[in-house]
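Student: With chain Z's structure known, arrange chain C on it following the hints.
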Amino acid sequence: MLEVRGLEVHYGGICAVRGVDLDVAAGEKVALIGANGAGKTSTLKAIARMLPARGSVKLSGEAIEHAPPHLLVRKGLALVPEGRGVFARLSVLENLEMGAYVRDDKAVVDADIERVFGLLPRLKERAGQTAGTLSGGEQQMVAIGRALMSRPRILLLDEPSMGLSPIMVDTVFDVIREVAREGVTLLLVEQNARLALSLCDRGCVMDGGEITLSAPAAELLDNPAVRAAYLGE
Amino acid sequence: MSVDPKLKARLGVVLIGVALAVLPFVVGASFGNSWVRIIDFALLYIMLALGLNIVVGFAGLLDLGYIAFYAVGAYLYALLSSPHLAIAFPQVFAAAPGWPVWAVLPLGALVAGLFGVLLGAPTLKLRGDYLAIVTLGFGEIIRIFLNNLNAPANITNGPQGINNIAAAQIGGHALNRPLELFGVMVPGVHLQYYFFLALTLLVIFVCLRLQDSRLGRAWVAIREDEVAARACGINTRNVKLLAFGLGATFGGVAGGLFAGFQGFVSPESFGLLESIMVLCMVVLGGMGNIAGVILGAVLLALLPEALRWGAVPLQQTLFGKVLIDPESLRLLLFGIALVVVMRWRPAGLWPSALRKRELAAHGEAA
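Sequence lines, in order, name chains Z and C.
Take 451 as the starting number for the first sequence in this note's numbering and just add one per residue.
Take 229 as the starting number for the second sequence in this note's numbering and just add one per residue.
Possibly wrong hints are sitting among the right ones.
Facing chain C, from chain Z, some residues (calculated, C-beta under 10 angstroms) [what the hints assert, rightly or not]:
| no. | residue |
| --- | --- |
| 1 | Val530 |
| 2 | Phe537 |
| 3 | Val619 |
Pulled from the structure, derived: some chain C residues nowhere near chain Z, Cβ distances all over 10 angstroms [to be verified]:
| no. | residue |
| --- | --- |
| 4 | Val241 |
| 5 | Gly256 |
| 6 | Phe321 |
| 7 | Asn404 |
| 8 | Leu409 |
| 9 | Leu427 |
| 10 | Val448 |
| 11 | Ala459 |
| 12 | Ile462 |
| 13 | Leu500 |
| 14 | Ala519 |
| 15 | Leu561 |
Hints listed in this document are in silico derivations from the structure and should not be mistaken for laboratory results.
All C-beta atoms, glycine included, are put in the ideal place defined by N, C-alpha and C.
Chain Z extracted, bound-state conformation (with noise of 0.2 angstroms):
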């Protein structure tokens, strides 16, 4: 489904990604972990072209390396910005209308609104409410919802977690996990690495703007040098 190849950012003179590689299943689900400054979310702004990067990207074995950014929903890649990026002032159900800006087939993004609330039963309560009000988890909820409202193939995550609290977070990976299952890929950039692997199949260790290790979940939770640096043990 996704295809990096030698993805590369830089920040004026400094190398924040050097020349990752990284592939994505359809249907699978991945993880980026990684320390402060690792340049998980400089991977995943390249990818969604909201930053210049060098390299190739392929979305289901087209390039959109030199795609212009609002093209790519169209061709079923969504972001969740870090920090969630709603529309503060705008009603929750607006933020959700605005998330089908793409589409223009009334009668069916109405009925994703419904999808989206039946998945998201806490935005449904507070679908007048403007997004601005709620609270950081709720914000996160919209975030996603907004994302889904575009009929992603795959969904790029950051940090879904930031800010949160544990019962929050949990919430919240609930509904990731619960997106994932009606087929969504994901790539997820997560400080939180124990909850990125419990939920994804595959993770991959970023260090230094690099790709370090690339394993199955269930293999780096049991690795002992991952151990050591990320889960805190």
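Tutor: Relative to chain Z, chain C alone:
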């Protein structure tokens, strides 16, 4: 007996229509035709403020050089409807171009719109203060060009400006001349009023449609969060350029009307203070809310005239002499009004639902 709300709404529209139709006659009879002229100017300001509202209110891009588009529209009209070109370039133009108003106004709108895109293109990545500074610079560049483009080729006639601009002609009748209609003499300012009113209503209609359109939604999304807007599949570059372009278009139309109405244009009319004045109309009235912006434009356009009319006699009866010149009083009151409104009604006199929500949210957070 209950009244059908739909019928009530229709009745309201009819009443407003009648009021607007007889307004110049009532005002002209009771206060004199100079007040009709002031109302004409207020209509121009409504158009300008609504145009700026697209850029500032809808898309959230702070533009301090908006008057430049007004200037572009005004000068284009002036060049095409005055003998200036024929005098300055006799070898090219045998006579004054004298284009019909229905060709000049859309052309002015188009050219102003192009200038809007021209301003938008290099500022796409700027926001807030930085954008404000660049737009301010752009406005000044246009004004300085108008001031200096009299040499080597005399295009704008420099600081002296262009005069002898022909008034708009509709159906072969120049709008600055009185027209006898069913035995009633309708003065020129009244005719201009109806002409401006029709175009203002058109502008209001376009604004209302834009607000609820896909494009309007995209502007709101960009104002809220640009990255998220892009992640939703919005082409942020084009949508921003459209905001600049469409906003400028309205400015261009208003500029053309101004030139035809005034009969004279000079760079002086397009200074930074005018840009700020229009911005104040938008902010004071209620950024993003069409009705609020109209209110702001009317208030700020009428306030100085009301002062000029009332301040001198009032001071004479109170103190026996004129202590403060109404012109200086104007800026003073203007400043006080802004401070008062921003302190107690920060979202404007008639805020949009969206702004109200934002401030309510801030209140809760604090």
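Student: Could you work out which of the previously given hints the structure breaks and list their numbers from low to high?
Tutor: 3, 10, 11 and 12
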